[in-house]
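> Listed below, chain by chain, are the residues.
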Amino acid sequence: MSTKSILNLTVNGKAYEKLVEVRMTLADFLRNELDLTGTHLGCEHGVCGACTVIMNGEAVRSCLLLAVQAEGATLETVEGLADGDQLHPLQAAFQDRHALQCGFCTPGFLMTASAFLKENPQPTDAEIRQAISGNICRCTGYQPIIEAIAQAAPEVGGSPPPRHSRESGNP
Amino acid sequence: MKPAPFTYYCPDTLDEAVRLLHEHGDDGKILAGGQSLMPLMSLRLARPAVIVDMNRVPGLDRIAVNGDGGLSIGAMTRQRAIERDAALAERNPLLAAAVPLIGHFQIRNRGTVGGSLVHADPASELPAVSVTLGADFVLASAAGERVVSAEDFYLGYMATACEANEVLTEVRVPAWKAGRLWAIDEVARRKGDFAMAGVALWVDMDGGACADARITLFGVGGKPVRVEKAEQHLKGAALDDATLKEVERIVFEELEPDSDIHASALYRKEVGGVLTRRALGAAAARGTEAA
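Chains as they are written, first to last, in numbering that gives the first Met the number 0: chain S, 0 to 170; chain P, 0 to 290.
Heads up, a few of these hints could be off.
[As the list claims (entries may be wrong)] Straight-line Cα separation of at most 27 Å, DSSO-like style, residue types lysine-lysine; simulated pairs:
#  : chain 1 : residue 1 : chain 2 : residue 2
1  : P       : Lys244    : P       : Lys228
2  : P       : Lys234    : P       : Lys244
3  : P       : Lys176    : P       : Lys228
4  : P       : Lys1      : S       : Lys3
5  : P       : Lys1      : P       : Lys28
6  : S       : Lys17     : P       : Lys1
7  : P       : Lys234    : P       : Lys268
8  : S       : Lys3      : P       : Lys28
9  : P       : Lys244    : P       : Lys176
10 : P       : Lys268    : P       : Lys244
11 : P       : Lys190    : S       : Lys117
12 : P       : Lys228    : P       : Lys268
13 : S       : Lys13     : S       : Lys117
14 : S       : Lys17     : P       : Lys28
15 : S       : Lys13     : S       : Lys3
FYI, nobody ran anything at the bench for these hints, they're computed from the structure.
The task is simple: from the sequences and hints, build the whole structure.
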């Protein structure tokens, strides 16, 4: 209703209440107001995928949302993946497969892969390629990233129904 | 702060939304999924003084089957919801196949059907698909509702019949004919990029001959381009190589695209023709499979 608004949301299990300018993007809010600088900003217009976070269970571009639109939402950012010093299976797999060099794009890849594997716990390589097509990496090349996601899939996705039942069209 | 300052409204009802649009006129801008508007605002190519966020208006994200088998799709339906709707894929396979071509899954998680239709990027899939499907758009304003056909809705480059005080609430898609053949195809440099040229088409057969057809291209003009000459040529013809080649030639002749940094006009004409021929081939193959 104005140029500032009170925002209530939960990020990585922690509840926040903040007064924000309505024109602030969710990405800037996470980085500048909550000091969660793990979410990276590359292109800032929805092309590179570096700023991908999970909002209410779905991977979204945090640069393409206003912070105020996350009112009441539950967010997960890259900071929420590890459990203390214990890396998340995706992070461990990225390390194991050398799926990062400079690391700038990595938070976006991790959050994309995390949301994707929950929906598709046993992906084919082609499905993984499709899933990460909205994330750009300029140094590693995509092959180790695809391998890392495939490696982490059994741990992240849980125990899904057998593959054949999904392909026969049953949900 | 990337976007220029604006006043933000987040109405709880459609009545409130149209009242705000009425009040603010040309200063107001609707925020649907934000996947096109937010980049424009962050780049300050768009500087709306007032944002009316439709995301908390209930009831605009429903997909319903009408009595005649057609579909009513709420304008705020996320593109991803269509992608996940197996029943919709049965009722309208062309629409279902078009949605995964839009951007990437993170974009489709937020992007809405209505947002894409009203944004009217000439290279986007849904406007062309809605023209080829003969869809109708329901526009609401403080004065009430009016219905505009998809074909009449698109006026020119990112220009539509939607007035500043109106909001798209619903898309009505006519029932899909049993046995209808269809295809959608596009050429983009990278997966998820805007198409340099694309085609969405369907063909109804009567025995071995085409009874009716609709061919609409995208990315080759300021708005979706329906090629009626090619449709006319198909009527009464079999989907054989000679017909397909002639349709390719007609589409090439009819298209009048512009050149830009992504592709030259000649390239778009060429690719538009080739894609149409290939898509008709794919549609014909579907018929052979079904038989």
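> Which hint numbers does the structure go against, in order from smallest to largest?
none
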